[in-house]
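Each chain, letter by letter, is given below.
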Amino acid sequence: MKEIVVIIGGGIAGLEAASQLLKLGYSPIIVEKSDRLGGHVARWNRLFPDMTPAQDLVSELIASSKDANIFLNTEISFINRLKDSYNIMLSNGISIISKYILYTTGFRLFEAQKKEEYGYGIYNQVITNADLEHWFNTNKDDRISGKDIKSIGFVHCVGSRDEKARNSQCSKVCCITAIKQAIELKEKYPEAEIYCFYMDLRLFGKKFEDFYTKAQRDHGIHFIRGRVSEVSENINGQVIVKAEDTLAGKPLKVTLDLLVLMSGMVCNPDSTKSASMLSLPIDSDGFLKSSDNVFHITSSPRKGIYYAGACTGPKTVPETLAEARSAVLEIHSTITGEAR
Amino acid sequence: MNIFGFRISPSSAINLDNVDKERFRELCRIEPDAVRCMACGSCSATCPAAGFSGMSVRKVLLYLQRGKEEEAFKLMSNCMLCGKCTMVCPRGINTRHLILSICRIYDKEEKK
Ligand SMILES: Cc1cc2nc3c(=O)[nH]c(=O)nc-3n(C[C@H](O)[C@H](O)[C@H](O)COP(=O)(O)OP(=O)(O)OC[C@H]3O[C@@H](n4cnc5c(N)ncnc54)[C@H](O)[C@@H]3O)c2cc1C
Ligand code: SF4
Ligand code: SF4
Ligand code: SF4
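Here the protein sequences come in this chain order: A and B. Take the first sequence: its position 29, counted from the start at 1, is 48 in my numbering, and no numbers get skipped. Take the second sequence: its position 94, counted from the start at 1, is 893 in my numbering, and no numbers get skipped.
Pulled out of the complex, with its shape left as it was, chain B reads as follows (with noise of 0.2 Å):
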C-alpha cells in the first residue's frame, strides 16, 4: 500500500559506472566513426521524421554512449532511412549506414 501518495519514480540520471560499453566498442569496431560526432545537430535538423518523431542521430549516438539503449531505440523506430542525414554530416559520417550497423549489432544482443 502507498501511504505516502507518491510513488518514487525510476531516476533518469546517467550512471556512467553501470554503461554497457562492451556493445558501443563493438558497433565502433565496425563503424570507428561512431565516435567522430561532434553534436552539431545538422542531421536532427534536415531529418525528415524529426519534427513528429524527435529523430535524431546525434541524440542515438549520445544515448547508445549514455548506456540509454531504449530511449535510442525507441528514436531509431522512426527512421526511414532517407540518408538526409548523411548528406550534411560535417564530419562525413556515414550516418545512414551508422544506424543500420547499430540495427544490427544491438539486435543481435537481444537475440542470444
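Chain A extracted, bound-state conformation (with noise of 0.2 Å):
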C-alpha cells in the first residue's frame, strides 16, 4: 500500500511538498480550509526579483499536485496519536489514518487596523500591501483606482519590529516588497513622489540589493529613515504624515494622496491551534518550533511531523520551496528507513 502523508495546508508549501511526494509514489492528502489553493502567493501580483506573475507559479504547482487527494473548505476537528500513527478527523467527517503528518499551515498578514494611528479602515487613502496586490490584479478599489495621485507613501514594519503590536520579529519580506511596490506604483504614476519611510532596509536576498538601487537611480523614489509616527487627514481629502527625519535630525511631515502599509507576516493562529492538538512547542517568535532552527528547520520534536514553509517564521517563496522539497526528503528517508 502506498504510504499516506496528510499535508496540512494547500499554499505554496504544501502543494510544492504535495508534488514532490507523487513524484516518490506516495499518495499525499491535502487539507485546505479556505475554497482554494495557493495560499497567499495566490493573491499576489508579480513575485520580487524577477516580476514573476504570482498566477503562473500557482498553476503550475496546482497541475503538478493535481493528483492529490484535495479537500477544500476543510479543516483539523481533532489529532490524536495512536501507537505508532496519528489519527486526523476532518471537519468534513473524514477521518484518516497515518504516519505521516507535514504542516504547511503559513502565515497571516498582520490586521493593520491594530496599529490604528496609522489610520487603516478609518481614511480612505490609507491601504495595505495585500490590498495593493489586489489592485494590480483586479484593478477594482476605489480608494485608488480613477483618483488624481500625485504623492505617495510607504510604511515600512507595519505590526513588525514592534513590542506593542506584540511582534518583535521582521518580516523579512516586506522591504523588498515596498520597493517591488513603489517601483510599480511609479510606473502607473510617473508623475508621483513617492517616499518609504523605514528604519532599516533589510534587503537580504538575492538582487534585493539591484531593486534598491533601481528604485532611486531609475525612478527617482526616496527614502526617508524614520518610523512613521501618526497619519491625519486634512481637509483635501489628502493624510499628513509625520516621522522623524532621523539622519537629518528633525522632524518632518509630508502631505500625500495615497499610504502604503507594509503588514508584516504574524504566526496563523489556525496553525497554532491545530499544533496544540498535539501539543507541538511554539518559538519565542509565535511560530511553530522547529526541533532546531539551524540543522533541522523542517521536523518538529515529535515523530512523524514535519514543517515547511511560513509556518515556522516568514520566508520567501524559493524558501517555501526549498523546504518543502527537504521536508519531502525527510519523510521520504524516514519511510525507506523503516521499511529496510
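Because the hints were derived from the structure by calculation, they are not lab data. Be a bit skeptical, because a hint or two may be false.
[Claimed, not checked] Derived lysine to aspartate or glutamate pairs resembling DMTMM-like cross-links, with alpha carbons at most 25 Å apart: (1) A:LYS207 with A:ASP167; (2) B:LYS883 with A:GLU252; (3) A:LYS207 with A:ASP75; (4) B:LYS883 with A:GLU135; (5) B:LYS867 with A:ASP264; (6) B:LYS883 with A:GLU130; (7) A:LYS269 with B:GLU869; (8) A:LYS226 with A:GLU79; (9) A:LYS42 with A:ASP86; (10) A:LYS183 with B:GLU870; (11) A:LYS183 with B:ASP832; (12) B:LYS883 with A:ASP54; (13) A:LYS269 with B:ASP832; (14) A:LYS134 with B:ASP832; (15) A:LYS269 with B:GLU868; (16) B:LYS873 with A:ASP264; (17) A:LYS272 with A:GLU252; (18) B:LYS883 with A:GLU136; (19) B:LYS883 with A:ASP264; (20) A:LYS169 with A:GLU206; (21) B:LYS883 with A:ASP219; (22) A:LYS269 with B:GLU870; (23) B:LYS883 with A:GLU249.
Now that you have both chains on their own, put them together as the hints suggest.
Rendered as C-alpha cells:
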C-alpha cells in the first residue's frame, strides 16, 4: 500500500510538497481550510526578484499536484496519537490514519487596523501591501482607481519590530516588497513623488540590492529613515504623515494622496490551534518551533510531524519551496529507513 | 594675538576613546532599556517639544553614549515629561521614566 502523508495547508508549500511526494510514489492528502489553493501567493500579482507572475507559479503547482487527494473548505477537527501513527479527524467527517503529517499552514498578515495611529479602515487613502497586490490583479479598489495621485508613501514595519503590536520580529519580505511596489506604482503614476519610510532597509536576498539601486536611480524614489508616528487627514481628503527624519535629525511631515502600509507576517492562529492538538511547541516568535533552527528546520520534536514554509517564520517563495522539497526528502528517508 | 585671522574651534568630532562609559553603565543598571533604542525616531516625531527645541529621546540616548553629555542636557531641559514618547516607542522603552533616571544619575555625579 502506498504510504499516506497528510499535508495541512494548500499554499505553495503544501502544493510543492504534494507534487514531490507524488513523484516519489506516495499518496499525499491536502487539507485546505479555504475554498481555493495557493495560499497567500495566489493573492499576489508579480513576485520579486524577477517579477514572475504569481498566477503562473500557482497554476503550475496546482497542475503538478492534481493527483493528490485534496479537501477544500476543510479543517482538522482533532488529531490524536495512536501507537505509531496519528488519527486525523476532518471537519467533513472523514478520518484518516497516517504516520506522517506535514504542517504547511503558513502565516497570517498582520491586521493593519490594530495600529490605529496609521488610520487603516479610518481614512480612505490608507491601504495595505495586500490591498495593493489585489488592485494590481483586479484594478478594483475605490481607494486607488480613478484618483489623481501625485504623492504616495510606504510605511515599513507595520506590525513588525513592534513590541506594542506584540510582534518584535522582522517580517523579512516587506522591505523588498515595498520597493517592488513603489517601482510598480511609479510606473503607473510617473508624475508621483514616492516616499519609503523605513527604520532599516533589510535587502538580504538575491538581487534585492539591485531593486534598491533601481528605485533610487531609475525611479527617483525617496528613502526616509524614520518610523511613521502618526497619520491624520486634511480637508482636501489627503493624509498627513509625521515622522522624524532621523538622518537629518529633524521632525518631518508630508502630505500624501495614498499611503501603503507594509503589514508584516505574523504567526497563523490556525496553525497554533492545530499544533496544540498534538502539544507541539511554539517558538518565542509565536511561529511553530522546529526541532532546531539551524540543522532541522523542517522537523518537529515529534516523530512523524514535519514543517515547511512560513508556518515556522517569515519566508520568501524560493525559501518556502526549498523547505517543502527538503521536508519531503526527510519524510522519504524516514519511510524507506523504516521499510528496510 | 591672533595673527591668522581665524580661530581653531573645538573639535565636534566624537572620540570614543574619551567617552565616560561608567556613568552610562550606572544608568543602565537602573534602566536596562537605555541600550535597546533602535533609533526609529518615533519619540522625536510625536514629541510636542521637538519642533521648536529639537528635543529627542533618540538623540539624548545617542549623545550620552558618544560622550556628548552637554548636548544631551541641553535637549533634555526642554522636556515637559508629558509621556507621549513612551506611548509610541516600538521597543516598549519607558522613555519618560528613562529621562527622569538620566536626570537623577547625571545630576548626582555633578554634585559630587
Ligand atoms: C505582501 C506580500 C508580498 C509577498 N511577495 C512575495 C514575492 O514577491 N516573492 C516572494 O518570494 N515572496 C513573497 N512573499 C512571501 C510569500 O507570500 C510566502 O513565502 C508564501 O506565502 C509562503 O507560503 P506558505 O505555503 O508557507 O504559506 P501561505 O501562503 O500562508 O499558505 C498557507 C495555506 O494553509 C492554509 N491553512 C492554514 N492553516 C490551516 C489549517 N489549520 N487547516 C487547513 N488549512 C490551513 C491557508 O488557508 C493557506 O492556504 C510576500 C509576502 C507578503 C506578505
Ligand atoms: S523586512 Fe523591512 S519592512 Fe519588513 S519588518 Fe523587516 S525591516 Fe521592517
Ligand atoms: S516626555 Fe519629553 S521627550 Fe517625551 S514626548 Fe513629552 S516632551 Fe517630548
Ligand atoms: S521611539 Fe524608542 S526605539 Fe524609537 S528612537 Fe525613540 S527611544 Fe529609540
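- Find the hints from earlier in the document that the structure breaks and name them by number, from lowest to highest. 10, 12
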